[in-house]
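A.B. asks: The residues making up each chain are set out below.
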Amino acid sequence: MKVHESDARRIFADRGLPVPPSRVATTPDESATAAGEFGGLVVVKALVLAGGRGKAGGVKLADGPEAAREAAEAILGIEIRGERVRRVLVAPAVDIDREIYLGVTIDRERQSAVVMASAAGGIDIEEVAADTPEAIQRIEFDVARGVEAWQARAVGFALGLGGRQVLDFVGILNGLVRAFVECDASLAEVNPLVVSPDGKLWAIDAKLNIDDNALGRRPELEQLRDDAAEEPAEALARAAGISYIKLDGDIGCMVNGAGLAMATMDVVKHYGGEPANFLDVGGGAGAERVSAALSIILDDPNVRAVFVNIFGGITRADDVAQGVLAARESMPRAVPLVVRLMGTNEAEGLRLLADAGIQAERSMDAAARLAVEAVR
Amino acid sequence: MSILLDASARVVVQGITGRQGTFHAQRMAEAGTAVVAGVTPGRAGAAVDGLPGVPVFNTMAEAVSDTGANAACIFVPPPFAADAILEDIAAGLELIVCITEGIPTIDMLRVMPVLRASSSRLIGPNCPGIAVPGANVKVGIMPWEIHAPGRVGVVSRSGTLTYEVVQHLTDSGLGQSAAVGIGGDPIIGTRFTDVLELYEQDDQTDGIVLLGEIGGGDEEQAARFISERVTKPVSAFIAGKTAPPERRMGHAGAIVSGSEGTAAGKETALREAGVCVGDTPREAVDLLAAQLR
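Chains as they are written, first to last, in my numbering: chain A, 1 to 376; chain B, 1001 to 1293.
Please note: incorrect hints may appear among the correct ones.
[Claimed, not checked] Pairwise CB distance ranges, derived in the manner of DEER restraints: (1) A:GLU182 - B:GLY1175: 27 to 37 angstroms; (2) B:GLY1032 - A:ALA229: 19 to 29 angstroms; (3) A:ASP63 - B:PRO1244: 37 to 47 angstroms; (4) A:GLU373 - B:ASP1083: 45 to 55 angstroms.
These aren't lab readings, by the way, just hints derived from the structure by calculation.
Note that the Cβ used here is the ideal one computed from N, Cα and C, for glycine as well.
Work out the full structure: start from the sequences and follow the hints.
C.D. replies: Laid out in structure tokens, this is it:
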């Protein structure tokens, strides 16, 4: 889950990072008022979860309240990667002498948490990592211990910071590592961390992504979720314990297991169809969840056929069959239903379906072809 | 013997008194696995439905000292599962299979340094486990009846996709030397390269099916390993060709970030390493079958 910059700034500031003050404005007037309070040059930024705000015209400098009003007028209401801008963040602009990248994330290749820092800040760190990996300073660390001060100092010196700045940098790095661990983050990033002409360090941007698996024990972070930035059906599915992502096709897919769910979409496409969604009912799904999944799929008006593809392991075929039958009873509209059912308690599941007049397929390929034919 | 598991495995089921733990402990025992004990803290002495004579202990240390167990299968809920892994490592188990999905990543990052310093082997988390049909033993949740003894090794990041391919292998008469689900999380105990190496050295395995998916770089790493170290034929299927970028596709590890982790990139890397890549799971099996005949 991504959190908004305004929340990430607060979380970072709470851990000692030098974050300039800021206000959230929902109208041009509020933006002007905030600029008046700060005085001087301000930056007005779209508060959206999507990346690439600058390129999309979502970040503007403004000198004084009138300019801040105009900047907010220009930004509010635009769409950035499908996300409507409803709020802007207003903060005093910081004079920039140089920019540094600082981030904490998970290195999957090395199976470790890692601090990454680069003297080339304000840029796409993935590009730097791909093109000039030697330009990135890295500290792999044990999350139970954090980063040692000498490691942080060494990175500070390698970035070309001076004596006093390095002490500040150590505090910033440790604060960011604490934010990462304490928030169960998958990414905690300051890009850029700027050095102002008077030699001070400022975190002028803040990015924080939370591990979805940890939200259950972080209710204070779950509250930061922006429902409006999410597809309503996806939020509904999540509440039911279902993993659902809406796509543009017309064949609804209901599958158990993420890998098989992706493969089902791929196979539908392979046989000339277009999947309407990714859906994993989750391990051990009972009849109730299966039924909820079917109604979420059918709420998408583009769906003209549903392909149920279940290979039971921890999920039981008889539970699935009961869910399919219950859902069919209350289906808001009739569409062709192709069912492929195998695995744990398969015989019982097939019998339940056969008794209700549904002939289930054994082969995923054959079932996918039937689903594709059904929408032709 | 095949890889990771043989008839000498003595398995403790952690979370055996829960619905899933009980159900799958029964299925493991039916397959022929020696399920010697269960552990559920606070439930020592409880009876396990359908498994008379399988004692339940409060701690793994007691289960090991009383039964001589050497393997664990974890069905503990996500907030407590990393702790269960740490308890197993401390108890000195050789093999730990963690089925649990949804463990916070930070918890797994805490486990990793302890695991690396130990001699335990962790499979998963968020995986279906290991099945070795020729030895009549499985530790995990896979449906047993789809398996058949044979000479193809399966290694996969996904549970149900493993079943899909195991079924095709059985239907096509090839069977399996073993099927190993390594798990769909970003931080896992055993990776493609580890299992590929075991299959390469296993004299019961003639060919390998690798089932990958979008996200991370493990398939690319596997491709490098295959070109350098694997002499046996390998075929593969990569799930998620139709997945949109920057979206987590169910598995915590299945996400394309920027240019990293795409299905196309993984397929290219594998093909360049001499792996036959199928457009569907069935095709991956057929491609391997053609090479083995």
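A.B. asks: So, for every hint listed, does it hold in this structure?
C.D. replies: Right, here's what the structure says about each hint:
A:GLU182 and B:GLY1175 have their C-beta atoms about 49 angstroms apart, which leaves the hinted 27 to 37 angstroms range violated. The hinted range of 19 to 29 angstroms is not satisfied by B:GLY1032 and A:ALA229, whose Cβ atoms lie roughly 51 angstroms apart. A beta carbon spacing of about 40 angstroms between A:ASP63 and B:PRO1244 agrees with the range 37 to 47 angstroms that was offered as a hint. A hinted range of 45 to 55 angstroms for the beta carbons of A:GLU373 and B:ASP1083 is consistent with their spacing of about 50 angstroms.
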